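Which chain is which? The protein sequence lines are A and B, in order. Position one of the first sequence corresponds to residue 550 (the numbering used here), numbered consecutively onward. Position one of the second sequence corresponds to residue 902 (the numbering used here), numbered consecutively onward.
Be aware that a few hints might be false.
Said to hold, decoys possible - With a Cα cut of at most 25 Å, we get these calculated DSS-like pairs of lysine-lysine: (1) A:Lys667 <-> A:Lys638; (2) A:Lys716 <-> A:Lys596; (3) A:Lys667 <-> B:Lys940; (4) A:Lys579 <-> B:Lys999; (5) A:Lys579 <-> A:Lys596; (6) B:Lys940 <-> B:Lys952; (7) A:Lys638 <-> A:Lys586; (8) A:Lys586 <-> A:Lys774; (9) A:Lys579 <-> A:Lys638; (10) A:Lys673 <-> B:Lys1155; (11) A:Lys667 <-> B:Lys999; (12) A:Lys638 <-> A:Lys616.
Just so you know, the hints here were simulated from the structure itself, not pulled from any lab data. None of these values were measured; they are calculated from a predicted model.
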Amino acid sequence: MTRRLRLVVTPSGASAGAALQAVDLNCVFKTGGADVKVLHDLTFEVKEGELVCLLGPSGCGKSTLLKIIAGFLAPSSGRVLVQGRAVVKPGADRGVVFQEDALFPWLTAAENIAFGLKGRLPGKALAAEVTRYLELVGLSPFRDYLPRQLSGGMKQRVAMARVLILKPQLLLMDEPFGALDAQTREEMQTLLLSLWAELGHTILFVTHDINEAVFLADRVLVMEKGPGRIRREMRVALPRPRRKEGEAFHRWYRQIRSELRSEDRL
Amino acid sequence: MPRFDRLLPWVLPFMLMLAWVLADAAQLVPAYLLPGPAKVLEAGGHYLFGKAGSAPYAGRFCSDLQASLLRVGCGFGLAVLLGLPMGLMTGRLPLFQKLTSGLINALRAVPGICWLPLGMVWFGIGLHTTVFLVGLAAFFPIYLNSAGGARQIDPILYQSGAMMGVGRFRGVFAILLPAAMPSIVTGLRLGLGIAWAYLVLGELTGVPDGLGAIIMDARMLGRIDMIIVGIVIIAAMGRLSDVLLKAGMKLCFKSARRLP
Chain A
550 MTRRLRLVVT PSGASAGAAL QAVDLNCVFK TGGADVKVLH DLTFEVKEGE LVCLLGPSGC
610 GKSTLLKIIA GFLAPSSGRV LVQGRAVVKP GADRGVVFQE DALFPWLTAA ENIAFGLKGR
670 LPGKALAAEV TRYLELVGLS PFRDYLPRQL SGGMKQRVAM ARVLILKPQL LLMDEPFGAL
730 DAQTREEMQT LLLSLWAELG HTILFVTHDI NEAVFLADRV LVMEKGPGRI RREMRVALPR
790 PRRKEGEAFH RWYRQIRSEL RSEDRL
Chain B
902 MPRFDRLLPW VLPFMLMLAW VLADAAQLVP AYLLPGPAKV LEAGGHYLFG KAGSAPYAGR
962 FCSDLQASLL RVGCGFGLAV LLGLPMGLMT GRLPLFQKLT SGLINALRAV PGICWLPLGM
1022 VWFGIGLHTT VFLVGLAAFF PIYLNSAGGA RQIDPILYQS GAMMGVGRFR GVFAILLPAA
1082 MPSIVTGLRL GLGIAWAYLV LGELTGVPDG LGAIIMDARM LGRIDMIIVG IVIIAAMGRL
1142 SDVLLKAGMK LCFKSARRLP
């Protein structure tokens, strides 16, 4: 009831500083005869410049939610607003970094990064931008490598650079480091934070890794499944730069884990 | 070992030649069934380089080649023009696939030779019938492979394009074509190979010139040496056109150049 009331006071436009609003999202998949409810009455906001993690077990609909925000999928009901404008289709204002390798295999690292800007910038300016973003993700020596010649971590660096170069208002990341080995994953997390500090974009980051969520997030939205909804919202009050070793970090880890565990018991 | 590797493709042809030379020297096979290498070489020399009129078939090579290339070129070009866009649309648009694939798969089951009588009635003997046959035969591998290539493109590539602001039109050239390129190249190569096969079929019907016509003509006159010359030349032209096609695709398309 309280949520409904809040919606009534929030006008259809953006509330101040909200980069992303999801309002009463429902998503139902029709599979054969039975309807599967994937998302149930999901409502949340992400503020300008905020890094929010969607944390939840597999099958809780967090990737579906991201697809809806990206515009790849229409919700059964409800609305998504990005800076006050309703999302109807994919667009360059919402950059997506996928979990799997989604680079164009016939383009080099530099050409993949240039892809979205091609034809929108004169050649020289484009080349300069590409060089800058290659540098930002630490891939300058690999600019002419094809994706199949790059490691998994390098590919995800290219995947990040190719959307960041478009200066999206919102960066949507769907378990982008999930397929990487532990050490590379930590490198990538650190890289993401430094890019975030430098470029200041808004990030919605999907993960099932509690450690990752505590390390990255300003705020964690803990999701539960069957049907997917937000169980709890937690503001991670850890100062940055964060270290994964300290007692404070582990306290947060345990707290969020118990939140997830209590869901398992249901 | 690398040197040995390079020789490997020549081993079988060499042994075949050797067997031929030996069989000829031992006169194992009568010459009216299989003439010796020297005779075939001589006939080939006359055909390729001889002055017109100095011997039967002498000096005809250029005009024959020209006629055959025109037929293969037109037929193959037609097949590409129709097969490639239709294939890509079939692979990409489920409605178009429903519309076309039933008919095309039914037609595909018809052996190409069956169209020969119809072609002769419709187009007479010569260029048009051959182009019709070549085009029809080359269409199917091009169509099927580009459809398969377009269908198998990972949707995540389109999603990547969409979230970087790529519209439908640019998507076709910047994502669909390059992503389907491996299958497109395969389809074109298969189509070109079949084009040469059906060229001969089309030219067996009594056209006066062409590499296939030579073979048929030589059979009537009992010139087995010329039949072999014709076969070797067609094999060489087929191989050469395949190499040129591959090189051309690589020259024109980045995505063909960077095939794994």
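Against the structure, the hints:
no.	hint	verdict
1	A:Lys667 <-> A:Lys638	21 Å, holds
2	A:Lys716 <-> A:Lys596	17 Å, holds
3	A:Lys667 <-> B:Lys940	62 Å, violated
4	A:Lys579 <-> B:Lys999	23 Å, holds
5	A:Lys579 <-> A:Lys596	33 Å, violated
6	B:Lys940 <-> B:Lys952	18 Å, holds
7	A:Lys638 <-> A:Lys586	22 Å, holds
8	A:Lys586 <-> A:Lys774	10 Å, holds
9	A:Lys579 <-> A:Lys638	21 Å, holds
10	A:Lys673 <-> B:Lys1155	21 Å, holds
11	A:Lys667 <-> B:Lys999	35 Å, violated
12	A:Lys638 <-> A:Lys616	10 Å, holds
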